[in-house]
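**Q** Note that this note's numbering gives residue 242 to position 81 of the sequence shown, counting from 1, and the numbers run on in steps of one.
Please keep in mind that the hints were generated in silico from the structure rather than gathered at the bench.
C-beta atoms are modelled at their ideal positions from N, C-alpha and C, and glycine is treated no differently.
Some hints here could point you the wrong way.
[What the hints assert, rightly or not] With a Cα cut of at most 25 angstroms, we get these calculated DSS-like pairs of lysine-lysine:
1. LYS315 <-> LYS294
2. LYS244 <-> LYS267
3. LYS263 <-> LYS315
[To be verified] FRET-style restraints, in silico, Cβ to Cβ:
4. SER331 <-> ASP184: 38 to 48 angstroms
5. ASN311 <-> MET348: 18 to 28 angstroms
6. ASP340 <-> THR201: 45 to 55 angstroms
7. ALA354 <-> ALA192: 18 to 28 angstroms
8. ASN186 <-> ALA354: 44 to 54 angstroms
9. ALA241 <-> SER329: 21 to 31 angstroms
10. THR305 <-> ALA350: 50 to 60 angstroms
11. THR305 <-> ARG328: 17 to 27 angstroms
12. LEU356 <-> TRP219: 25 to 35 angstroms
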Amino acid sequence: WLNHTLHEFGHALGLAHEHARSDENAHCVPATADEYHVVTTGFITPYDKNSVMHYRYWPDETPQCVGQTGTNYSNAGFTAYDKLALHLMYPEDVKVAEFTGKTVVKVGEPLVLRSTLTQQGATSFALKNFQWKVDDVVKSSSDTLNITFNSAGKHTVQFTYQDFLNRSYSSTFTVRVLDAASFNGEMAAVQEAQLLLLMSAVPGNFIYLPSVMR
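Based on the provided sequences and hints, a complete structural model is requested.
**A** Below, the structure written as structure tokens:
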């Protein structure tokens with residue numbers, strides 16, 4: 162009954178029935194079902210046949226439904242899209258524009274940064290008005306920044322966007338561009354630190370033997 166309980170909590174938090182979406186495309190909702198394809202807008206995540214907000218239908222009702230592992234009567238818990246939807250609806254008090262990607266690159270190597278939430282599945286309805294500024298100059302108005310620097314140095318990047326309730330999010334951070342020698346030196350230092358951290362967790366009486374290819 163885990164998902165049944167979570168389903169009702171989902172309603173209390175503002176989640177609608179997943180099976181009512183008009184973009185349902187997995188043949189997991191019979192055309193005779195109540196609410197069939199009645200919700201036509203406001204989708205903040207992709208359709209999710211395993212959502213706790215999705216009704217369970219019997220196999221003879223939906224014989225073409227394949228790979229459904231969760232519904233409102235399973236015990237699978239919130240799916241990744243369920244969690245994402247709640248995160249989008251109830252963000253932290255300090256609204257940080259979340260991104261993924263490296264902030265230290267070599268000269269000539271593309272700097273590629275992406276919105277974390279769109280990578281996780283947030284739709285164009287959920288998030289909008291993306292803007293990436295590098296040293297106060299707009300370089301991208303999409304959820305991705307892709308830029309290459311031809312010389313070493315430090316650059317200030319500001320990433321902003323709004324959500325479907327017009328709440329604003331922002332992040333300001335520094336990107337470092339290094340020449341090849343400096344970059345390789347820093348990466349070697351990071352690898353050495355990681356190895357030391359790994360070895361510090363090994364019991365003192367434990368001996369590693371080198372592996373032999375056979």
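**Q** None of the hints should be skipped; say for each whether it holds.
**A** Structure-based check of all given hints:
The suggested pairing of LYS315 with LYS294 holds, with an alpha-carbon distance near 14 angstroms, which does not exceed 25 angstroms. For the hint linking LYS244 to LYS267, the alpha-carbon distance of about 36 angstroms lies beyond 25 angstroms, and the restraint is violated. This hinted pair checks out: LYS263 and LYS315 have alpha carbons roughly 14 angstroms apart, not beyond 25 angstroms. Checked against the hint of 38 to 48 angstroms, the C-beta distance between SER331 and ASP184 comes to roughly 31 angstroms, which is inconsistent with it.
The hint said 18 to 28 angstroms for the Cβ distance between ASN311 and MET348, and at roughly 21 angstroms that hint holds. Checked against the given bound of 45 to 55 angstroms, the beta carbons of ASP340 and THR201, roughly 54 angstroms apart, stay inside it. A C-beta distance of roughly 59 angstroms is found between ALA354 and ALA192, which places it outside the suggested range of 18 to 28 angstroms. Range check, ASN186 to ALA354: Cβ separation about 47 angstroms, and the 44 to 54 angstroms hint holds.
Range check, ALA241 to SER329: Cβ separation about 25 angstroms, and the 21 to 31 angstroms hint holds. In this structure the supplied range 50 to 60 angstroms is violated for THR305 paired with ALA350, their Cβ-Cβ distance being about 30 angstroms. Distance hint check for THR305 and ARG328: the Cβ-Cβ separation is about 21 angstroms, which falls inside the suggested range of 17 to 27 angstroms. Take LEU356 and TRP219: their Cβ atoms lie about 55 angstroms apart, and the range 25 to 35 angstroms is violated.
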